[in-house]
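Since the structure of chain A is provided, determine the placement of chain B on it from the hints.
Number of protein chains: 2
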Amino acid sequence: MSDLGVAFKKSEDFSEWYTQVVLKSGLADYAPIKGCMVFRELSYAIWEKIQEIFNEKIKKTGHRNVYFPLFIPESFLKKEAEHFAGFVPEVAWVTMGGDTPLEEKLAIRPTSETIIYATFAKWIRSWRDLPIKVNQWCSVVRWETKATKLFLRTREFLWQEGHTAHATEEESHKEVMEILNEYRDLMENYLAIPVIVGRKTENEKFAGALYTTTLEAIMPDGKALQMGTSHNLGQNFSKVFDIKFIGEDEKEHYVWQTSWGISTRVIGALVMVHGDDKGLVLPPKIAPVQAVIIPIPYKDADADRIVAKAKEIHEKLQKAGIAATLDDRMEYTPGWKFNDWELKGVPVRVEIGPRDLKNGQVTLARRDTFEKKQVKEEEATNAVLKLLDEIQKNLFNKAKKFLEEKITVVKNYEEFKEVLKEKGGFIKASWCLSPQCEEKIKEETGATIRLIPFEKEKPVSNCIYCGGEAKELAYFAKSY
Amino acid sequence: MSDLGVAFKKSEDFSEWYTQVVLKSGLADYAPIKGCMVFRELSYAIWEKIQEIFNEKIKKTGHRNVYFPLFIPESFLKKEAEHFAGFVPEVAWVTMGGDTPLEEKLAIRPTSETIIYATFAKWIRSWRDLPIKVNQWCSVVRWETKATKLFLRTREFLWQEGHTAHATEEESHKEVMEILNEYRDLMENYLAIPVIVGRKTENEKFAGALYTTTLEAIMPDGKALQMGTSHNLGQNFSKVFDIKFIGEDEKEHYVWQTSWGISTRVIGALVMVHGDDKGLVLPPKIAPVQAVIIPIPYKDADADRIVAKAKEIHEKLQKAGIAATLDDRMEYTPGWKFNDWELKGVPVRVEIGPRDLKNGQVTLARRDTFEKKQVKEEEATNAVLKLLDEIQKNLFNKAKKFLEEKITVVKNYEEFKEVLKEKGGFIKASWCLSPQCEEKIKEETGATIRLIPFEKEKPVSNCIYCGGEAKELAYFAKSY
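Residue numbers (the numbering used here), protein chains in the order written: chain A, 1 to 480; chain B, 1 to 480.
Honestly, the hints are just simulated from the structure, not real lab data.
Just so we're clear, the structure is a prediction, and the values are computed from it rather than from any experiment.
Please note that a few of the clues may not be correct.
Since the list gives no way to pick out one identical chain from another, each pair is judged satisfied if it fits inside one copy or across any two copies.
[Said to hold, decoys possible] Each computed DSS-like pair below joins lysine-lysine, with the alpha-carbon atoms no more than 27 Å apart:
| hint | residue 1 | residue 2 |
| --- | --- | --- |
| 1 | K376 | K319 |
| 2 | K60 | K285 |
| 3 | K59 | K309 |
| 4 | K372 | K400 |
| 5 | K105 | K386 |
| 6 | K244 | K411 |
In isolation and in its complexed conformation, chain A is listed as follows:
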């Protein structure tokens, strides 16, 4: 499947390069149904790592995993008007059960606020029942009409969605920000993808939210990718779903709510940010296989001893907690295996050839820089651990440097358009807060406001569009 390698260069045809890396590394495949994809074992294993990391985080802070139905009655979706308007154009509708038409058509969940909150209304009576903090890992469906892009735009994708209910606005705000911080930690310290964080504009916020916070990363082609969002829903949903509680003050109140999610599109970001012309490059902390051991037995008396030594090293690495794999298949050459594991992005390759055996050493090759070095056999475990750590840091630092280079401040619309065309990335520009200016810029250039930073940055000019007084320095970009 992977014997041909990646036929496109990342720097030359980014889009084709991306698709080939995804397909040839065995991350994913197109499904035999329009707009859908298959998560093959490699991407699913990465997703399981993300689940493990994020579950640990949220369970520590008192969140619990649950599972709510896939189906949402149309009448539920309709209750919150903005929410309905935002999602209804891309809903897949179930209208038949067996050969019987349904009385009310059912949406396949595009997101689960409505079905979950209809249930919260039943569970919540008193302040003692609060907070409720649940999360579910599931698939969601949005009937996209644009062309499929694996991981980034498919009709079904996998995600987690957290949903909480609190007694006060303050608590709900705290929850939104805590989750945003957990996301940031996940993106930066595990996926090695630096992000900028901030608040969405009214135009760009989640349909039905009071406000939306976001994490945005930059891709090598200069386009932004939203890595996750954390919403304060205020009392918008509690008022329409009638989620009330008797407070300690013995009065009735509506709850304050949050919802937040990340999806399998972050795997697309992983590919784009770290990959190279040889294929995937996976950050060690998220790599299902961190090290592959490849014996290089020549047809001589040492062959068996080399394979035996490789097994020994494999066991040692596993004992040290390294996710190591031994590739002792005889039907493939070492060179073929090198390419294959490079394509799959495994961070460290451990080679054992006749000379290594003779010298009591192993050869380590790192995936990010292709550097090779020999270390004494007894130091192999520590050397691999150290390399994994270095690779993790190196990938982040490289991406961080790139992100920083891709932030440009502009003072007028001409400059804005030029930077957008020539360089891309995030463009910091002064804005008057008017949705009309925001809309016009989007129409004319394709760029949207990705976020307003939490720590207010001073405008550097008048509004780049209307010339009126600027209130914010906003981060614009074209995006996926």
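Just chain B now, kept in the frame of chain A:
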């Protein structure tokens, strides 16, 4: 939510008892949409334990988790005629995307053979690509028209479905039996539910399979519950989906396939088999919380020291790998907490009261027998570990004894009907292999053949229905 306890007795109104235990323990709830349910944190945590245990098993044997689309085009379902006929009456159909009618209606997966095998056809070329062994954890939809029974019959439920492709019939048979054994180990040694295993009849096999193997358990009301199935699909699907490979003999062959699954209905079995009038009783190996520590502080000088000691014990238990929880909530009384944790089925309760503190001891209460005993504080960890082990064994042994008592051999149809009515359980009866006799018995009594044991048991009479020569001793039962 749980302050009222279970109002029905297991021995008096089994069905109402079951529903109350499920609802009041917080395992699950009805969803605000007909026929569907909400998996609340307790049942979802049990499901996560099952996932963890089963994932470890199948990953060791080279299976890999993946995720295939939720949608199956009608034309795929139709390819294997028996399969289509078996599933189409209960398919939920998506017919609209946004406001556009779809060209071809899409089934929400009732099971994924067809969508997965359409993809296998693309992946498999040579014997080197075999075996393929994948598994997915997902939800499936079957548009039931009967009344909902939580965990046992809902329109959507959670399951895992494994799908494999092999070069030879022998390998596929081996896979079917290995998985059946893994299921048996899961059911008996983790869920503490003894099962009988065997083969389904032609009438009862999976729609599209060559043969189906099954695990069946007995419930307290004498009805059987199918705990899982492992199918050999033969070449039925590979022929219609054209899944061929070039063998080592350089000739083209169709692959041999298996599929197998267990679902969240096993959680229903857990409730029914082990539960009592106080609520759930969870086997320690599957319990999300294995031990709860409850301080019993009186309003005196010792109160703080008792809570501090409870914390200390809690940490010690956690360090020993016990899933322990400290319930130091001040707004509830110890008595209320006892009831609540009993309702939730936690295997061991650790109490620390003033006398325990004074004597340097703790009081242990086991959920299965309600026995209480004091142990020295320094022996608490080992004592809890030992108790968990004993409870696990006791639950299994009790259930095993019950199962054995519920197997009856009969020699004629009168006896068959009488045992079915008076005692229920598995009835071993002689059968001539005719589907007509099987069908008639089902029509007249409601009992089906649950399985034919793998090790042939000698018929003890002529066929109980037609009086013709009997070929098998079959296990009949009414079932969920």
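Let me make sure I understand: some of the numbered hints might not hold for this structure. Which ones are they, in numerical order? The structure breaks hints 5 and 6; every other hint is satisfied.
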